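Following the hints, complete the assembly by docking chain B onto the known chain A.
As they're listed, the protein sequences go chains A and B. Numbering of the first sequence is given in the working numbering, commencing with residue 1 and proceeding in unit increments. Numbering of the second sequence is given in the working numbering, commencing with residue 1 and proceeding in unit increments.
One thing to keep in mind: the hints can contain errors.
[Claimed, not checked] Quick partial rundown of chain B residues pointing at chain A, CB under 7 Å, derived from the structure:
hint: 1; residue: Cys-53
hint: 2; residue: Val-81
hint: 3; residue: Lys-89
In case anyone wonders, no lab produced these hints; they're calculated from the structure. Every value quoted in this text rests on a predicted model; they were computed, and no experiment measured them. No residue lacks a Cβ here, since even glycine has one placed at the ideal position from N, Cα and C.
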Amino acid sequence: MKVVIMGCGRVGGKLAGLLDIEGHNVTILDIDDYSFRRLPPEFGGTALVGNGTDEDALKKAGIEKADAFIALTQGDNRNIMACQIAKHIFNVPQVLCRTYDPLRQELFGSLGIETFSPTTIFAQMLKERLLKAKPKGEKKAK
Amino acid sequence: MYIIVVGGGQVGYYLAKALLDEGHELLVLEKDAARTAFICSDLGSVCVRGDGCEMTTLAEAGAGRADMFIAVTGEDEDNLVSCQAAKHKFNVPRTVARINNPKNETIFKKMGIDVTISSTNIIMESIEEEMPTHPLTHLLDIQEQGLEIVEIKIPSHSPAIGKTVKELPLPAGNTLSLIIRSQQKPFVPDKDTILEAEDQIIAITTPESEEALGTALRGS
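One chain only, chain A, in its complex shape (with noise of 0.2 Å):
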């Protein structure tokens, strides 16, 4: 399938290798060069110096012919605007956002864009796994 990941940092150039390993076609935007060398070496995707919420930047990374788009940048709003452009001007099958503030996560995902917030996924996670060990570490206390 082909992917086109807005944000090449930690999580984006991480997701770009593990599909690019699977035989994914992958093209990976970013303003900055820079963060390409998050990339593995044997990335054998493509790598774009460009902005997702650009209509130009994303018919360059091939948008129109993309099964899946997905909007790893650290600024929520960003993302929020791209996953809309890819959804609504280039009638991307399935578009995926992050955003870290899980008011709009909940908001935008009514409004039909599938958002994720690792802010709510991971305290929820810490919780869990605090909760669970929460009887040993008393035993231990005493």
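Okay, now just chain B, sitting in the frame of chain A:
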């Protein structure tokens, strides 16, 4: 009317000032502390420090009872997201967004922002209209109906000179509403009005047909 303005830069500040003068109840949301303090010292307590894209900030600002929501920050994505939050989370009846990159106009419209104002386009057009060779001047956009009111001056070499209005190849839906002729009172033309050189014409057109209108009145 209760109006929330997001972004206290030059546009937000002068807009707030104008809206206060008109007697509206107003609140400006601004991220920067120093800018917030400046606006408050200048205009009174009408500015709160906060991110206009945060639901909690919007709730505290009373977005739920706002009649109008205007986002004028320098970042298009922030303007888009805050307007969508106002519209869908707080049901603000009218949302207005400033667009910096003209390319973004389509997505803002698709996402249901009621009014979009492309600052780059406006500046560009104003400068273009100062060029002596510029064919037409935009006077007013009527966004809801996709119409615009423009002014066109008939140059001395125009093929329209000496012709009646009904003989002109005007694009469908275009209307010549007023002619301003030197030494005369402005008048509303009818189909038999003959055009003269240097006539200033106020016309109703559409963004799609304005070029054809310009050609009809000025030649190519």
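Okay, the hints, checked on the actual structure:
1. Cys-53: Constraint on B/Cys-53 satisfied, holds at 6 Å.
2. Val-81: holds (4 Å)
3. Lys-89: Cβ of B/Lys-89 sits 6 Å from chain A, so the hint holds.
The earlier numbered hints are all upheld by this structure, with none contradicted.
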